[in-house]
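J.: Chain by chain, the residues:
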Amino acid sequence: MDTIVRLENISKLYRGVPAVKNVTFELKRGEIHALLGENGAGKSTLTKIIAGVVDATSGKMLHKGKDVFYATPNDALHAGIAMVFQETSLVPSMTVAQNLYLGSEGFLNRLRGVYISAQQFLQSLNFSVDPTALVETLGAAKKQMVEIARAVHHNAEVIIFDEPTATLTPEEKRHFFALVRRLKARGVSIVFISHALEEALLLSDRITILRDGELVASGETKDFDREKIIAAMVGRTLSAELYRQRDDKKIRRPGRKVLSVQDISMGAMVRNNSFSVFEGQITGVFGLIGSGRTETFKIVSGIYKRDFLRGGTVELNDKPVRYVVPRQAVKDGIVYVTEDRKSEGFFETMSIAENIFGGLLAADREQHSIINYAEMREVAAEWTKALNVRAINDNARVVELSGGNQQKVVIGKGLVQNPKIVIFDEPTRGVDVGAIAEIHQIINRLADEGLAVVVISSYLPEIMNLSDRILVCRQGRMVEEFSPAEATEEKIMYAAVH
Amino acid sequence: MTIFDPLLDFFRGRAVTVPPLDGAFRPNRALDNARLVAEINAPVDMAFRNGAIVAAAGNALFELLENGAQGVVATFSAPIAAMAISSAGELAVACENGELVLDGAAVKLPPEVTCMTALSFAADGSMLVANGAAGLRPSQWRTDLMKKGASGSVWRLSRKGDATCLAAGLAWPSGILAAGSDVMVSEAWNRRILRVSDGLKPAAVFSNIPGYPGRLAQAESGALLSIFAPVNRLIEFVLQEDDYRAAMMEEIPAEYWIAPSLASGRSFLEPLQCGGIKTMGIHKPWAPSRSYGLIVRLDGDFQPVESFHSRADGHRHGIVAARALGDTIYAASAGGDAIVAIESGQDS
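Quick note, the sequences are listed as chains A and B, same order. Just so you know, the first sequence maps onto residues 3 to 500 in this note's numbering. Just so you know, the second sequence maps onto residues 118 to 465 in this note's numbering.
In case anyone wonders, no lab produced these hints; they're calculated from the structure. Treat each hint with caution, since some may be false.
When the alpha-carbon atoms are kept at most 20 Å apart in a straight line, the in silico SDA-like pairs for lysine to any residue are as follows [unchecked claim]:
#, chain 1, residue 1, chain 2, residue 2
1, A, LYS307, B, PHE121
2, A, LYS251, B, GLN463
3, A, LYS493, B, ALA132
4, A, LYS321, B, LEU124
5, A, LYS259, B, ASP418
6, A, LYS493, B, ASN145
7, A, LYS307, B, ASN325
8, A, LYS321, B, ASP122
9, A, LYS422, A, ARG367
10, A, LYS422, A, ILE373
11, A, LYS321, B, PHE323
12, A, LYS321, B, GLY242
13, A, LYS493, B, ARG143
14, A, LYS321, B, SER324
15, A, LYS30, A, LEU79
16, A, LYS307, B, LEU124
17, A, LYS259, B, GLN420
18, A, LYS259, B, LEU124
19, A, LYS259, B, ASP122
20, A, LYS321, B, ALA132
21, A, LYS251, B, PHE323
22, A, LYS259, B, ARG309
23, B, LYS277, B, GLY242
24, A, LYS252, B, ARG143
Just so you know, these numbers come straight off a predicted model, no measurement behind them.
Please take these sequences and the hints and turn them into a complete structure.
T.: See the structure below:
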């Protein structure tokens, strides 16, 4: 296989701080190359240099043997290098088809022709997305599909996927893997960034691992296993403690029933859903995207409203509650840690301290009518220490933090409210392995302290490792409950799918 | 909950809710995996005498031995409705026609007692009787539910022949058990366990049960509660629709009503509800069902500790009696036509 892209001694400095240090990286024609590393390891920066999104501070890039410099992503795209971003770069107010053809439309376009062609193209990729739908109406998974389709549509010979499967369901992932293999068969080179190590091991031909901006390992996938990758990524062995089958003796017994949900309904998304949540226990909730698990818990936490007519009942400590706004739920001790931290979890331009203190204000726990900055810094320092949030200082803006540290800020913003029930929705999505372990420790600690904890996750090993009981949600209702000792991935998936 | 909710509920209708099967009610397959002791057609009750199981079915009492052999102990002029055996070995049998027989002799009953659903002996030798409803037979339990009846009562029959009404106006009392000087009663249609104490109003000790509670039996450090049918949203909805229910009762045979049942899937004429229909050729265990198998172990305070299930796709439904002998729980499944034994430590 000949080399299509080669980076030689590439470095990138942000305000003098190196994000990538002297990395030499080679991508061969027609290979799937997994790029792994913790958040902040420099994966995204490296691939952004290839795709012309950021400029390297030093080093050079060879594309088909020629020394090149792509000033813009459009230059790279025209040269055959496309990047599918973690955060979608679609135009929300345009339709799927319009987004697909954006940048390559003709002078005059027949709308019907565009839609038909888009429909055929999406079908060829096995993506069930309506080409006439506005992108803003699509869920995260479908947006990701459109983003992937757009890259494929531009006939790129190098496609870079940044966390492509984070928002996809297992079924959608299978389609995606098949698509990647088809692209490979057509001679397309793929760079694949993922936190799901199994995916990298399953899909890739070669693996490159970065740590703190430096290349620490690179080679054929067959020479790697999960342990080896994690050891290279974090410099320590975490896998065994992260994802293991729960020992029956270590499963926490249920305490008092604090939340009883009976037959709540919300449109077609949540249908007669019933379950309970107990103190001192982690209740894991698994379900595919669209199974109504997030919506159910958003109803519980007052973000969504259940049906007005025959919408069921929610009882908190045996008392019926019907929240009109989330603030009432927060005051009752219910905290919902969102799955979409960027748009719902924090104020990205505000500092860590302001974000954490914002949680305190939301719970009406602040006594004074004027904000005391000293107190704010004190509270923030306490929580950043407790949650091990790594930042230059408390004044750092949340947007400048890595995904794992951003998530810890969101968690801190909730925990400062002194909750009784904490609902984590996809707590480790887009978070590196090291931070996953820390977040898992936080979740376990909360349950050990006697709080009722709910963890919603699409990642089965996470659910099986964390939960003291596992609920499976399908088509808007909990259909099955498993003890982690008896649960297997097959059993859970069977309940979730069939 | 806003202060307007009770007012709004008047207009929008109260939400039909069914308690979730979780916590102590977490579903398993203990009843389906239980050892078959004997196949017996539609058992109605069971008890132990000298270590042997005595089960009632139809007009006869059978003695079942561990080797599977069964012999008829006694026959009666009417189908048996309930039975009890005292610690001294006395056998009491209540029949569908309102007769009560104690060791072969008829017991004189007050005229109100015509529908005996459960019998039990108190420590002082007196007999406790649950009388399901006034003017109905025990087998007409569906009718009483659909009529939203609340004419049941519980009685104490002393050795001298005196009858004392302990509580009245109950919605189908279907289980009775002495607990010290008090009497515990399962009130089926209100889905709760009541404590009946002398001179006091019956007090609920365990309510919002996710099924219709039936017979109670003593067990080590607590009790066993048989739940003979599940609560079902469709049935709860039908119970809110008075005109529909009246028409259904008038025009359709009782076994095909949208009502709880001790068994289901035996006739294509039975009502089905969404998941009750098979999906991809498989009957889902979580499908809504008119019948279900459920036994609950209660602690000394009559709170649930654990449960044993036969789910929607199981066959051992309609548990009419459950009794403990040592570490083993024996159960009579009317829907499964069987007496089964749940061994301690068995795979659930």
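J.: With reference to the structure, classify each hint as holding or not holding.
T.: For each hint, the structure was consulted:
no.: 1; hint: LYS307(A) / PHE121(B); verdict: holds, 16 Å
no.: 2; hint: LYS251(A) / GLN463(B); verdict: holds, 18 Å
no.: 3; hint: LYS493(A) / ALA132(B); verdict: violated, 32 Å
no.: 4; hint: LYS321(A) / LEU124(B); verdict: holds, 17 Å
no.: 5; hint: LYS259(A) / ASP418(B); verdict: holds, 17 Å
no.: 6; hint: LYS493(A) / ASN145(B); verdict: holds, 14 Å
no.: 7; hint: LYS307(A) / ASN325(B); verdict: violated, 25 Å
no.: 8; hint: LYS321(A) / ASP122(B); verdict: holds, 13 Å
no.: 9; hint: LYS422(A) / ARG367(A); verdict: holds, 15 Å
no.: 10; hint: LYS422(A) / ILE373(A); verdict: violated, 25 Å
no.: 11; hint: LYS321(A) / PHE323(B); verdict: holds, 16 Å
no.: 12; hint: LYS321(A) / GLY242(B); verdict: violated, 43 Å
no.: 13; hint: LYS493(A) / ARG143(B); verdict: holds, 16 Å
no.: 14; hint: LYS321(A) / SER324(B); verdict: holds, 15 Å
no.: 15; hint: LYS30(A) / LEU79(A); verdict: holds, 18 Å
no.: 16; hint: LYS307(A) / LEU124(B); verdict: holds, 18 Å
no.: 17; hint: LYS259(A) / GLN420(B); verdict: holds, 13 Å
no.: 18; hint: LYS259(A) / LEU124(B); verdict: violated, 28 Å
no.: 19; hint: LYS259(A) / ASP122(B); verdict: violated, 23 Å
no.: 20; hint: LYS321(A) / ALA132(B); verdict: holds, 15 Å
no.: 21; hint: LYS251(A) / PHE323(B); verdict: violated, 29 Å
no.: 22; hint: LYS259(A) / ARG309(B); verdict: holds, 18 Å
no.: 23; hint: LYS277(B) / GLY242(B); verdict: holds, 11 Å
no.: 24; hint: LYS252(A) / ARG143(B); verdict: holds, 19 Å
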